[in-house]
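Protein chains: 2
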Amino acid sequence: MPYALQPYDPAAYPPVAVTVDLVLMTVLKGQLAVLLQRRGQEPFAGQLALPGSFVGPEENLEMAARRVLAEKVGMTEGWLEQLYSFGEPDRDPRMRVVSIAYFALLPVGSLEAAVGGRADLTLASADVHEMPLAFDHVTIIAHARARLRGKLAYSPVALALLPDSFTLRDLQAVHEAILGTSLNKPAFRRRMMDSGWIEGTGEREPAAAFRPAELFRRTDRHRSRHRP
Amino acid sequence: MPYALQPYDPAAYPPVAVTVDLVLMTVLKGQLAVLLQRRGQEPFAGQLALPGSFVGPEENLEMAARRVLAEKVGMTEGWLEQLYSFGEPDRDPRMRVVSIAYFALLPVGSLEAAVGGRADLTLASADVHEMPLAFDHVTIIAHARARLRGKLAYSPVALALLPDSFTLRDLQAVHEAILGTSLNKPAFRRRMMDSGWIEGTGEREPAAAFRPAELFRRTDRHRSRHRP
DNA sequence: CTAGATATATGTCAAATGCATATAAGGTGC
DNA sequence: GCACCTTATATGCATTTGACATATATCTAG
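Chain order of the listed sequences is A and B. The opening residue of the first sequence carries number 1 in my numbering; numbering runs sequentially from there. The opening residue of the second sequence carries number 1 in my numbering; numbering runs sequentially from there.
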């Protein structure tokens, strides 16, 4: 039986590191964007990469991801969900590293403050298809986009990209940014109203150039959710 | 910066092991079933557990999962998909073990031969809610069931549980076993016919007690698929 | 040849969705 | 105050989708 688990002598096996990488997304100017960090060290020094970290000895995977979120953007709230795990033997040139990718969603307002204060952080378009990123991070981001698109229809995931109160127009814009298509307005409206994910506040958006729209909020049970 | 990645001295960090665990499911007598293995060693000696293994130094995660599949049931074909990763610090009493769970689907025919020949393997009902399994394997199986249920509507996943040719009644039985509900026959029929996942063979099932149904097969592009 | 059982096809209805249009409600400029 | 511009919101209608009931076809058993 190869590779039998005989953990009382871990030194007998080639060392493995476990990290988490964070695909932190938001909608910036109608476009899906992802948080990237310029690397200071080899390998891939100077290149952009997803923020990540070792998993600490006392942490579970989600705690590690949330710690990265806190360290990079100072937030502990927000949608956070395990995405996929990546373990090609050569994905890190230094040693065997298995990375558990998480994806996180935040309203753009919360992010811009954090990014503005740190020269190494950027909000880049999530369309990274031809960008040169470190490691296999292009692949990881592609997974995240696909997951986001797939969940849109049956989960309130888009609400995590909006502030506490928002108009239906805002919400539709988020959906359209994620899907890359335009949606029918009355149909979208009806679908959202019937979904149970949002409720009207009775208030209206301030200082609109024309008729102000009603402000909505998330219903309580949909602040942040995890799904396998 | 805590837990900075300094991999040139891996011995400086507490060792971590990475394993794969396999949730191998099938439909047995109209019920979703999962392959379990009785453990010979501590911890949890004598208890049932998911088959699993270390990830070898030259393997990627999927290769490791496929190797487990080959070692346990002698199959290299079949649906195999990464499920979720589990990393509670204390999930294995011996040391820190992060496990990448995969779920695999096979027609019951292929499995029964393999299970019959090995005393340590069992096909148990996938309703393991109150079964005492080793580690966090009850949780892992619950994830797998939820994933399977969720994918049924938009993916040809159920076909992986059937032999190369099958009737629509067989296919509907698989769906009903996974969903735990009964489905409307004409509606199910139309949905499958329109899905593009199956095609008629022109042949009919042999030796039916009454009018024999047509046999169908998977269309080519849906033999086995992976999705994040 | 007939009865019994199941496969397969069709018809109807309700719900969901897409699209067009009508009405409401604010601001702006006069 | 009043016309009018723009957007929000509501309504009507055609198309599609799916559930369900029922009809027809086709096999075996006897």
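Heads up, a few of these hints could be off.
Simulated pairs of lysine to aspartate or glutamate, DMTMM-like, Cα-Cα distance not exceeding 25 angstroms [to be verified]:
| # | chain 1 | residue 1 | chain 2 | residue 2 |
| --- | --- | --- | --- | --- |
| 1 | B | K151 | A | D194 |
| 2 | B | K151 | A | E176 |
| 3 | A | K151 | A | D136 |
| 4 | B | K151 | B | E58 |
| 5 | B | K185 | B | E203 |
| 6 | A | K151 | B | E77 |
| 7 | A | K29 | A | D90 |
| 8 | A | K151 | B | E42 |
| 9 | A | K185 | A | E203 |
| 10 | A | K29 | A | D164 |
| 11 | B | K185 | B | E214 |
| 12 | B | K29 | B | E42 |
No lab work stands behind these hints, which were simulated from the structure alone.
A quick look at each hint next to the structure:
no. : hint             : verdict
1   : B/K151 to A/D194 : 23 angstroms, holds
2   : B/K151 to A/E176 : 24 angstroms, holds
3   : A/K151 to A/D136 : 23 angstroms, holds
4   : B/K151 to B/E58  : 31 angstroms, violated
5   : B/K185 to B/E203 : 21 angstroms, holds
6   : A/K151 to B/E77  : 29 angstroms, violated
7   : A/K29 to A/D90   : 37 angstroms, violated
8   : A/K151 to B/E42  : 41 angstroms, violated
9   : A/K185 to A/E203 : 21 angstroms, holds
10  : A/K29 to A/D164  : 18 angstroms, holds
11  : B/K185 to B/E214 : 15 angstroms, holds
12  : B/K29 to B/E42   : 33 angstroms, violated
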